[in-house]
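Undergrad: These are the residues of each chain, in order.
Number of protein chains: 2
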Amino acid sequence: MRDVAVIGIGQTKIDEHWDKSLRELAGDAALSAMIDAGVSKVDSVYVGNMLSDISNLQAHLGSLVADWIGNRFAEAVKIESACSSGSAAFRAGYLSVASGEIDCALVVGVEKMTDSPGAEITTGLATAADADWEVDHGLSFVALNALIMKRYLYEYGWEARDFAEFSINAHENAMFNPYARFHMPITESSFSKSPMICDPINLLDASPIGDGAAAAILVNADMAPANLSRIIVAGSAAATDSLAVHSRKAPLWLWAAEQSTQKAYIQAGIGPEQINVFEYHDAFTIMAALSLEAAGFAEPGRGPSLAKEGAIKVGGKIPVATFGGLKARGHPVGATGLYQIAEVILQLRGEAGQTQVPDPEFGMAQNIGGSGSNIVTHIFQRLD
Amino acid sequence: MRDVAVIGIGQTKIDEHWDKSLRELAGDAALSAMIDAGVSKVDSVYVGNMLSDISNLQAHLGSLVADWIGNRFAEAVKIESACSSGSAAFRAGYLSVASGEIDCALVVGVEKMTDSPGAEITTGLATAADADWEVDHGLSFVALNALIMKRYLYEYGWEARDFAEFSINAHENAMFNPYARFHMPITESSFSKSPMICDPINLLDASPIGDGAAAAILVNADMAPANLSRIIVAGSAAATDSLAVHSRKAPLWLWAAEQSTQKAYIQAGIGPEQINVFEYHDAFTIMAALSLEAAGFAEPGRGPSLAKEGAIKVGGKIPVATFGGLKARGHPVGATGLYQIAEVILQLRGEAGQTQVPDPEFGMAQNIGGSGSNIVTHIFQRLD
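The listed protein sequences correspond, in order, to chains A and B.
Just add 63 to wherever you are in the first sequence, counting from 1, and you've got my numbering.
Just add 63 to wherever you are in the second sequence, counting from 1, and you've got my numbering.
Misleading hints may appear alongside valid ones.
Derived pair list, reagent style DSBU-like, types lysine-lysine, alpha-carbon separation capped at 30 Å [as the list claims (entries may be wrong)]:
#	chain 1	residue 1	chain 2	residue 2
1	B	LYS76	A	LYS326
2	A	LYS380	A	LYS213
3	B	LYS83	A	LYS312
4	B	LYS213	B	LYS104
5	A	LYS76	A	LYS380
6	B	LYS326	A	LYS104
7	A	LYS312	B	LYS104
To be clear, the hints were calculated from the coordinates, so they are not data collected in a lab.
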């Protein structure tokens, strides 16, 4: 397989975009990435999206995006794996270039959620869970995460307030990210006073939905000018677990995260201690804790310690959510994986501004689909 | 890139499967393919599906299928490009094996449409068209095809009854296919008496929806025993055109079909005259005519001549719909691409029974997404 370099990225602000259609959002991110990369044409387009069928009554986003950005005739498809759709699309783009089939691929993650009534979005998000064995019995997606968190508190003796630092760190970092949905610092006090959504998950444990798109341009590393191909994909892996939580051997262990992270570490030839920045999938604070554990940064049940000790801050042992994470940057579900990747690239380029991690060589982005049932991990490396 | 062999296929009957859930249908086809291939485990799963979000309130089919067939932990995603989702998934599986990343991939196409009320399916199918510029103005998916057909009749001087032979041939061949939805021969008289759906498309111009799943197992050709790896992927290509018909340069020319077919011919090192069997995308008879033209079997405007002359029958110059085509086998949208591929494989294996094409070496399957906006073409070759 060929080495693959990421030579361009693009993002739109995550917001309620009443003035932009689905294709405009995707196009804005895609064209930004193409300008960033200095390319005017791509050979193929991979779109990560979860909800457009339900939210926008529009399927077929491959053709929609390829056409809109002036790349009609390019090969184009949509890739879906619930909330990890963005990274799954990135992986499809990566394989197309690594294989030798495609020389220049565009990957776009896009989601436009705020046009739809809230109930429709709740129904839509629940399609990530098991329709027959979870949703039909009344579980929403938040409820599933609440059950996992409740069990976690019980097993490991934490209290809900011990998760506050995950959200405080995310909101702190988002202050410096122009693309983040929230620019609003929070405190332990506001966290503990925030309204309960589904016990024990309160409003500030949960990430907000939003409209947004992010994109990346991938090329064969040998073909790109050396100054442009400094950031390569050092590891790319995906794994699944059961769709329903109750079918898992251990509901508090993200087995698919462990699997995909281990594969990516082996491909990159490194271990967790060499990761300088980790964009994790903090859709809920419980997922932040579980991700840190499954990726090898904390022992089982010890994720919240890292947050409480400040290890997750910029300058700490393992900086996370350096642009606000899902929690404060926002979580336009099918686009999130591309935001995470764009943020890691910015860090490796040294373009992360106020939240720049010092001199990073390796950055990791991990995207979780469903309640842990489809997890995609990428490790990026800066070559000097 | 490595050579890729198709070593197993599986199909379920296309029908109203009230007794089978989405996962059971997909699983039945997947497990049949695995038994056919003699493998008990796959490295990755690619699911082609278009409508499960709307029809079954279930996204995340990668994890759903991988788990159900006992391959939990395998990498798995859903690929969508409207009605060409099945072939797009096959192409993703092909690239994963050709790249060297995956040794054994399962591709499943599945669609369960008949649980939903008709209006919901009409809405769902319309998501394949342009929501902003076509559907919002009142066009359904049949209506779009009717506009194309009307223009075709006007431009080339045909009458609607000249399309009868496409459907008669399809129903004739479906008589011998146990997986076909219809086992019901039709005649010119029944064709011309059939009720109008959307002028000039009548009921017997149009393919029926249905529930169904089909699957294939792909492996690195060098790894498989010689007797199992006789059928290889000789060409695989995809191309897009504008999502909306009105944006196309020539609404009567399937540009994306021409592009993807030409690429596939070049990859296989052949031309149309060497194709022994062609499973085309006869969702409507107008698409049958346009496909034959774009793939190089007829001059522009002359597609219906091939049908009228009998060239499309088994034993003719270019046999099509040899198992009934979309018209009579049925069209469970996201699964169709895999049915087409399974049928070409059966022909190349010499296992096509009563509709066996004599001693074929090359077979082609072409799958159309939308009204021609995303077209995927595969050429398979039997090595002796």
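Undergrad: Going through the earlier hints one by one, which of them does the structure break, listed in rising order?
TA: 1, 4
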